[in-house]
Amino acid sequence: QKEVEQNSGPLSVPEGAIASLNCTYSDRGSQSFFWYRQYSGKSPELIMFIYSNGDKEDGRFTAQLNKASQYVSLLIRDSQPSDSATYLCAVNARQAGTALIFGKGTTLSVSS
Amino acid sequence: EPEVTQTPSHQVTQMGQEVILRCVPISNHLYFYWYRQILGQKVEFLVSFYNNEISEKSEIFDDQFSVERPDGSNFTLKIRSTKLEDSAMYFCASSDPSGGTEAFFGQGTRLTVV
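Chains A and B supply the protein sequences, listed in that same order. Numbered per the working numbering, the first sequence spans residues 1 to 112. Numbered per the working numbering, the second sequence spans residues 1001 to 1114.
No wet-lab data here; the hints were simulated from the structure. Among the hints, erroneous ones may be present.
Calculated from the model, a selection of chain A residues having no Cβ within reach of chain B, i.e. all distances over 10 Å [stated by the list, open to error]: (1) PRO10; (2) LEU11; (3) GLU45; (4) THR62; (5) LEU75; (6) GLN80; (7) SER84; (8) LEU88.
Taking lysine to aspartate or glutamate and the EDC-like style, the derived pairs with C-alpha atoms no more than 20 Å apart in a straight line are [claimed, not checked]: (9) LYS104/A / GLU1044/B; (10) LYS1042/B / GLU3/A; (11) LYS1083/B / GLU1059/B; (12) LYS1078/B / GLU1044/B; (13) LYS42/A / GLU1001/B; (14) LYS104/A / GLU5/A; (15) LYS1042/B / ASP58/A; (16) LYS1042/B / GLU1059/B; (17) LYS2/A / GLU1102/B; (18) LYS1078/B / GLU1053/B; (19) LYS2/A / GLU15/A; (20) LYS1042/B / GLU45/A; (21) LYS42/A / GLU1044/B; (22) LYS56/A / GLU1102/B; (23) LYS1057/B / ASP27/A; (24) LYS42/A / ASP1086/B; (25) LYS104/A / ASP27/A; (26) LYS42/A / GLU1102/B; (27) LYS67/A / GLU1085/B; (28) LYS1078/B / ASP1062/B; (29) LYS104/A / GLU1018/B; (30) LYS1078/B / GLU1018/B; (31) LYS104/A / GLU1053/B; (32) LYS104/A / GLU45/A.
What follows is a set of in silico ranges between Cβ atoms, one per label pair, in the way DEER data are often shown [claimed, not checked]: (33) GLU1001/B / SER82/A: 13 to 21 Å; (34) GLN1017/B / SER26/A: 34 to 42 Å; (35) GLU57/A / VAL1012/B: 25 to 33 Å; (36) SER26/A / GLN1041/B: 12 to 20 Å; (37) GLY16/A / GLN1017/B: 45 to 53 Å; (38) GLN1/A / LEU1084/B: 36 to 44 Å; (39) SER1066/B / ILE18/A: 40 to 48 Å; (40) GLU1001/B / GLU57/A: 20 to 28 Å.
Ideal Cβ positions, reconstructed from N, Cα and C, are used throughout, including at glycine.
Based on the provided sequences and hints, a complete structural model is requested.
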């Protein structure tokens, strides 16, 4: 059974702080790793993807991947109240058409 | 910006009735997916579709479900005989394999079975 685990939170940070979200996965065959943001009642919105070990930065977001530890993280710098949402970690085998396996998500709350 | 569009946004149906959920994937994408999310639970994969065939399906996607691409733009999910436990948000997604495996989601259809 392929599993993706996330701490459900809530993770509470003050405005301007760094939010750190973590995810572990069980299937060593996973090759592609994604972070989606989901506002309440809305659909998942892709914010980052990473395929290789190390860091990948995009604006205020940094994704980190460690395949040996089967660990993915997302850092959000200068957190804003508008970042308050549930962040979903998803993985797949990096073959076109394969299923995304989602974690339950971590709820982030940024207070002003 | 291209997006996946789904209709209707909300559908209420009686138990045992058939429903069809519709999606228009991003135009140059080749892989199409259906996912569902029961309230308060995680997003779950149902099925992927490529070149007019199912390429992968989950255990959830049993005989009461079917998918179809009836024309060049629409992608549909049919639930033949709805059950109370089919109540969920259903998301359509599409991906362009030449650009990686990133999947982009539509806004969802909330299905309520009464």
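Each hint tested on the structure:
Residue-level check passed: PRO10/A sits 14 Å from the nearest beta carbon of chain B, beyond 10 Å. Remark: the non-interface label on LEU11/A is consistent with the geometry, its nearest Cβ contact in chain B lying 17 Å away (cut-off 10 Å). The non-interface label for GLU45/A is inconsistent with chain B: the shortest C-beta to C-beta separation is roughly 7 Å, within 10 Å. Against chain B, the non-interface label of THR62/A holds: every CB pair exceeds 10 Å, the least being about 18 Å.
Once the 10 Å rule is applied to beta carbons, LEU75/A is consistent with being away from chain B; the minimum gap is 20 Å. The non-interface label for GLN80/A is consistent with chain B: the shortest C-beta to C-beta separation is roughly 22 Å, beyond 10 Å. No Cβ of chain B comes within 10 Å of the Cβ of SER84/A; the nearest lies about 18 Å off, and the non-interface call holds. Not every Cβ of chain B is farther than 10 Å from the Cβ of LEU88/A; the closest lies at roughly 7 Å, contradicting the non-interface assignment.
About 10 Å separates the Cα atoms of LYS104/A and GLU1044/B, which keeps this hinted pair within 20 Å; it holds. A hinted pair counts as satisfied when its Cα atoms are at most 20 Å apart, and LYS1042/B with GLU3/A qualifies at roughly 11 Å. At roughly 16 Å between alpha-carbon atoms, LYS1083/B and GLU1059/B fall within 20 Å of each other, so this suggested pair holds. With a CA separation close to 17 Å, the supplied pair LYS1078/B and GLU1044/B stays within the 20 Å bound.
With a C-alpha separation of about 18 Å, the suggested pairing of LYS42/A with GLU1001/B holds against the 20 Å cut-off. Between LYS104/A and GLU5/A the alpha-carbon distance is near 7 Å, which keeps this suggested pair within the 20 Å criterion. Taken as a hint, the LYS1042/B and ASP58/A pair is broken in the structure, with Cα atoms around 26 Å apart against an allowance of 20 Å. Using a Cα cut-off of 20 Å, the hinted pair LYS1042/B and GLU1059/B holds, with the two alpha carbons roughly 15 Å apart.
For the hint linking LYS2/A to GLU1102/B, the alpha-carbon distance of about 19 Å falls within 20 Å, and the restraint holds. A hinted pair counts as satisfied when its Cα atoms are at most 20 Å apart, and LYS1078/B with GLU1053/B qualifies at roughly 15 Å. Straight-line distance between C-alpha atoms of LYS2/A and GLU15/A comes to about 35 Å, which puts the hinted pair past the 20 Å bound. Proximity of LYS1042/B to GLU45/A is assessed by CA-CA distance (about 14 Å); at most 20 Å being required, the pair is judged to hold.
At most 20 Å may separate the alpha-carbon atoms for a hinted pair to count; LYS42/A and GLU1044/B meet this at roughly 15 Å. A hinted pair counts as satisfied when its Cα atoms are at most 20 Å apart, and LYS56/A with GLU1102/B qualifies at roughly 15 Å. With a CA separation close to 18 Å, the supplied pair LYS1057/B and ASP27/A stays within the 20 Å bound. With a CA separation close to 18 Å, the supplied pair LYS42/A and ASP1086/B stays within the 20 Å bound.
Taken as a hint, the LYS104/A and ASP27/A pair is honoured in the structure, with Cα atoms around 16 Å apart against an allowance of 20 Å. Taking the CA atoms of LYS42/A and GLU1102/B, the gap is near 18 Å; set against the 20 Å cutoff, the hint holds. Using a Cα cut-off of 20 Å, the hinted pair LYS67/A and GLU1085/B is violated, with the two alpha carbons roughly 36 Å apart. Restraint check: the Cα-Cα separation between LYS1078/B and ASP1062/B comes to about 11 Å, which is no more than 20 Å; the hinted pair holds.
Taking the CA atoms of LYS104/A and GLU1018/B, the gap is near 29 Å; set against the 20 Å cutoff, the hint is violated. Distance restraint check for LYS1078/B and GLU1018/B: the Cα-Cα separation of roughly 7 Å lies within the 20 Å cut-off, and the hinted pair is therefore satisfied. The suggested pairing of LYS104/A with GLU1053/B is violated, with an alpha-carbon distance near 29 Å, which exceeds 20 Å. For the proposed pair LYS104/A and GLU45/A, the alpha carbon gap of about 15 Å is at most 20 Å, so the pair holds.
Separation of GLU1001/B from SER82/A is about 19 Å and conforms to the stated range, judged on CB atoms against 13 to 21 Å. A hinted range of 34 to 42 Å holds for the C-beta pair GLN1017/B and SER26/A, which are about 38 Å apart. Between GLU57/A and VAL1012/B the beta carbon distance is about 44 Å. The supplied range of 25 to 33 Å is therefore violated. With their beta carbons about 18 Å apart, SER26/A and GLN1041/B fall inside the hinted range of 12 to 20 Å.
At about 51 Å, the beta-carbon gap between GLY16/A and GLN1017/B stays in the expected band of 45 to 53 Å. Evaluation of the 36 to 44 Å hint for GLN1/A and LEU1084/B yields a failure: the beta carbon distance comes to about 26 Å. Under the hint 40 to 48 Å, the C-beta atoms of SER1066/B and ILE18/A, about 46 Å apart, fit the expected range. Between GLU1001/B and GLU57/A the beta carbons are some 22 Å apart, a value that agrees with the proposed interval 20 to 28 Å.
Violated hints, listed in ascending order, are 3, 8, 15, 19, 27, 29, 31, 35, 38; each of the other numbered hints is respected by the structure.
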